[in-house]
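So the protein sequences, as listed, match chains A and B. Numbering that gives the first Met the number 0 numbers the first residue of the first sequence as 0 and each following residue consecutively. Numbering that gives the first Met the number 0 numbers the first residue of the second sequence as 0 and each following residue consecutively.
Careful: at least some of the hints might be erroneous.
DEER-style ranges, computed between Cβ atoms [unchecked claim]: (1) B/His11 with A/Leu71: 38 to 44 Å; (2) A/Leu71 with B/Asp96: 22 to 28 Å; (3) B/Met0 with A/Arg57: 38 to 44 Å; (4) B/Pro49 with A/Leu71: 27 to 33 Å; (5) B/Phe46 with A/Leu71: 44 to 50 Å.
If you are wondering where the hints come from, they were derived from the structure by calculation, not from laboratory data. C-beta: ideal position from N, C-alpha, C; glycine also.
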Amino acid sequence: MALLYVALGTIFGFILSRSGAADYNYIQAMFLFTNFQLYGIIGTAVAITAPGIWWIKRHGRTVLGRPIAIELKPRHRGNIVGGLLFGIGWSMAGMCPGPIFVNIGEGKIYALAALAGALAGAGLFGAVYTRIQSVFRLPRLLVGTGDG
Amino acid sequence: MPLILHGLSPLHWAVAGAGIALITLALLFVANRRLGISTGLEDVCSFVLPVPYFARDAVRSARKWRLPFIVGLVLGGHLSAFLGGGFAPTWDLGIFDQVIGLGHAGKLAWMFAGGLFIGFGTRLAGGCTSGHGIFGVSNFELPSLISTVSFMAGGILTTQLIYRVIFHIGS
Numbered sequence: 000m001a002l003l004y005v006a007l008g009t010i011f012g013f014i015l016s017r018s019g020a021a022d023y024n025y026i027q028a029m030f031l032f033t034n035f036q037l038y039g040i041i042g043t044a045v046a047i048t049a050p051g052i053w054w055i056k057r058h059g060r061t062v063l064g065r066p067i068a069i070e071l072k073p074r075h076r077g078n079i080v081g082g083l084l085f086g087i088g089w090s091m092a093g094m095c096p097g098p099i100f101v102n103i104g105e106g107k108i109y110a111l112a113a114l115a116g117a118l119a120g121a122g123l124f125g126a127v128y129t130r131i132q133s134v135f136r137l138p139r140l141l142v143g144t145g146d147g
Numbered sequence: 000m001p002l003i004l005h006g007l008s009p010l011h012w013a014v015a016g017a018g019i020a021l022i023t024l025a026l027l028f029v030a031n032r033r034l035g036i037s038t039g040l041e042d043v044c045s046f047v048l049p050v051p052y053f054a055r056d057a058v059r060s061a062r063k064w065r066l067p068f069i070v071g072l073v074l075g076g077h078l079s080a081f082l083g084g085g086f087a088p089t090w091d092l093g094i095f096d097q098v099i100g101l102g103h104a105g106k107l108a109w110m111f112a113g114g115l116f117i118g119f120g121t122r123l124a125g126g127c128t129s130g131h132g133i134f135g136v137s138n139f140e141l142p143s144l145i146s147t148v149s150f151m152a153g154g155i156l157t158t159q160l161i162y163r164v165i166f167h168i169g170s
């Protein structure tokens, strides 16, 4: 299965690379409303994915016959505050998380610094989770054994 | 508008959007996985940071698909550069170079700072453009809609502040 994920990731990365989604100028143009390429991409993706998910859920099973299980994301105050912070970073770097990796593959040297920052930011969040949990009403942690 | 990468012409938005949708649906229909990339940052952290947040079941159980997918993203970018004119490491950053400038060290510092916001913000929001913006919105999940509106607002405010208010560019 790992090879399947690598293959899907490769196609996804190629599309991000060639569509403008991993391009600093296109990200700024989207936020400046001077170019609508990325709005078109997100809109098209949602317009096709939404009925697709609906059909797959109605079908109820994967290709291999396992029951479809979609883990839902929790709602809390972090959705708004975290979203705003991520938006600042998206604008500054001109990359959201997927394109950080795509830009590294393309050979954009500065993307390595963006990755280092993103890992540090995620690490920081994990380290302070229990301290900011009540402020943002974040869910309790379900800690496992690592076998999953 | 050409891409920074070799000045290539981009794919048509409808083609790119359809391709992203097909990958998202394939992940769900074949592998029972919801698309989401920023959680991959946690997967990497979980190898080195011994705190409870990174020992969650949700992190540990997803490492074996998300990490190969991320390796694919790097390969996809590499393939795109290779086929589009050859792989050549670059510092080019489009209008940033024309308007803001900064040397190599300054650019690295800027990117690291942006990365901090991306890493902390996506984890606090519980997802990024892929997990919230594409999958969550397509699955009509309210937290994803709230997060998506929030990160679009954060990006619009920041870019407008930098390029229109501070540097006064017209287009």
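Do the hints match the structure? See the list:
For B/His11 and A/Leu71, the Cβ-Cβ distance of about 33 Å falls outside the hinted range of 38 to 44 Å, so the restraint is violated. In this structure, A/Leu71 and B/Asp96 break the distance hint of 22 to 28 Å, their C-beta atoms being roughly 42 Å apart. As the Cβ distance of B/Met0 to A/Arg57 is approximately 40 Å, the hint placing it in 38 to 44 Å holds. A hinted range of 27 to 33 Å for the beta carbons of B/Pro49 and A/Leu71 is consistent with their spacing of about 28 Å.
Hint check: B/Phe46 to A/Leu71, Cβ distance near 26 Å, so the stated range 44 to 50 Å is violated.
Consistency note: the structure conflicts with the earlier hints numbered 1, 2 and 5.
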